[in-house]
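Based on the provided sequences and hints, a complete structural model is requested.
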Amino acid sequence: MAVRVKPNQFLVDEHGNPEAVVLSLTDYRRLMRLIEDREDTIALSRAIRTSRGTLSHAKLLERLKRQGLI
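When the letters of the sequence shown are read in order and numbered with the numbering used here, they come out as residues 1 to 70.
Incorrect hints may appear among the rest.
Unchecked claim - Pair by pair, the computed Cβ-Cβ distance ranges are: (1) Leu55 <-> Gln9: 44 to 54 Å; (2) Leu31 <-> Ile70: 31 to 41 Å; (3) Ile42 <-> Pro18: 21 to 31 Å.
Everything labelled a hint here was simulated from the structure, so no lab data went into it.
For glycine and all other residues, C-beta sits at the position ideal for the given N, C-alpha and C.
Next comes the structure, spelled out in C-alpha coordinates:
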(Lines of atoms letter the chains of each structure in order from A and count residues from 1; the text may use other names and numbers.)
(Lines give C-alpha, C1' and ligand atoms only; values in the text may rest on other atoms or scores of the structure.)
Protein backbone atom coordinates (compact mmCIF):
# COMPACT_ATOMS: atom_id res chain seq x y z
CA MET A 1 0.00 0.00 0.00
CA ALA A 2 1.62 3.23 -1.10
CA VAL A 3 1.21 6.45 0.82
CA ARG A 4 0.64 9.33 -1.54
CA VAL A 5 1.64 12.77 -0.35
CA LYS A 6 1.14 15.92 -2.35
CA PRO A 7 4.49 17.58 -3.11
CA ASN A 8 5.68 20.67 -1.25
CA GLN A 9 3.61 20.16 1.88
CA PHE A 10 6.36 21.24 4.24
CA LEU A 11 6.70 23.62 7.13
CA VAL A 12 9.95 25.54 6.87
CA ASP A 13 12.10 27.46 9.31
CA GLU A 14 13.12 31.10 8.94
CA HIS A 15 15.90 30.05 6.53
CA GLY A 16 13.57 28.09 4.27
CA ASN A 17 14.79 24.69 5.45
CA PRO A 18 12.09 22.02 5.71
CA GLU A 19 11.28 21.16 9.32
CA ALA A 20 8.05 19.19 9.11
CA VAL A 21 5.75 17.49 6.66
CA VAL A 22 2.03 18.14 6.53
CA LEU A 23 -0.06 15.00 5.95
CA SER A 24 -3.78 14.54 5.73
CA LEU A 25 -5.21 12.54 8.61
CA THR A 26 -5.96 9.73 6.15
CA ASP A 27 -2.34 9.64 4.94
CA TYR A 28 -1.06 9.80 8.53
CA ARG A 29 -3.23 6.87 9.61
CA ARG A 30 -2.22 4.86 6.54
CA LEU A 31 1.45 5.56 7.23
CA MET A 32 1.09 4.56 10.88
CA ARG A 33 -0.66 1.32 9.85
CA LEU A 34 2.20 0.52 7.47
CA ILE A 35 4.77 1.15 10.19
CA GLU A 36 2.87 -1.00 12.69
CA ASP A 37 2.50 -3.80 10.13
CA ARG A 38 6.25 -3.70 9.46
CA GLU A 39 7.02 -3.78 13.19
CA ASP A 40 4.69 -6.78 13.57
CA THR A 41 6.44 -8.55 10.68
CA ILE A 42 9.83 -7.96 12.30
CA ALA A 43 8.59 -9.16 15.70
CA LEU A 44 7.06 -12.30 14.19
CA SER A 45 10.26 -13.10 12.27
CA ARG A 46 12.29 -12.66 15.47
CA ALA A 47 9.87 -14.86 17.44
CA ILE A 48 10.04 -17.61 14.83
CA ARG A 49 13.84 -17.42 14.70
CA THR A 50 14.23 -17.65 18.48
CA SER A 51 11.36 -20.05 19.17
CA ARG A 52 12.06 -23.07 21.34
CA GLY A 53 8.85 -24.83 20.42
CA THR A 54 5.27 -24.55 21.55
CA LEU A 55 3.60 -24.83 24.92
CA SER A 56 0.07 -25.98 25.63
CA HIS A 57 -2.31 -23.56 27.32
CA ALA A 58 -2.46 -25.77 30.42
CA LYS A 59 1.35 -25.90 30.70
CA LEU A 60 1.55 -22.14 30.22
CA LEU A 61 -0.95 -21.56 33.03
CA GLU A 62 0.94 -23.98 35.25
CA ARG A 63 4.23 -22.17 34.58
CA LEU A 64 2.74 -18.72 35.19
CA LYS A 65 1.17 -19.87 38.47
CA ARG A 66 4.46 -21.41 39.59
CA GLN A 67 6.21 -18.10 38.88
CA GLY A 68 3.53 -16.21 40.80
CA LEU A 69 2.46 -14.22 37.77
CA ILE A 70 -1.19 -15.27 37.97
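*Violated hints - listed by number, lowest first*: none
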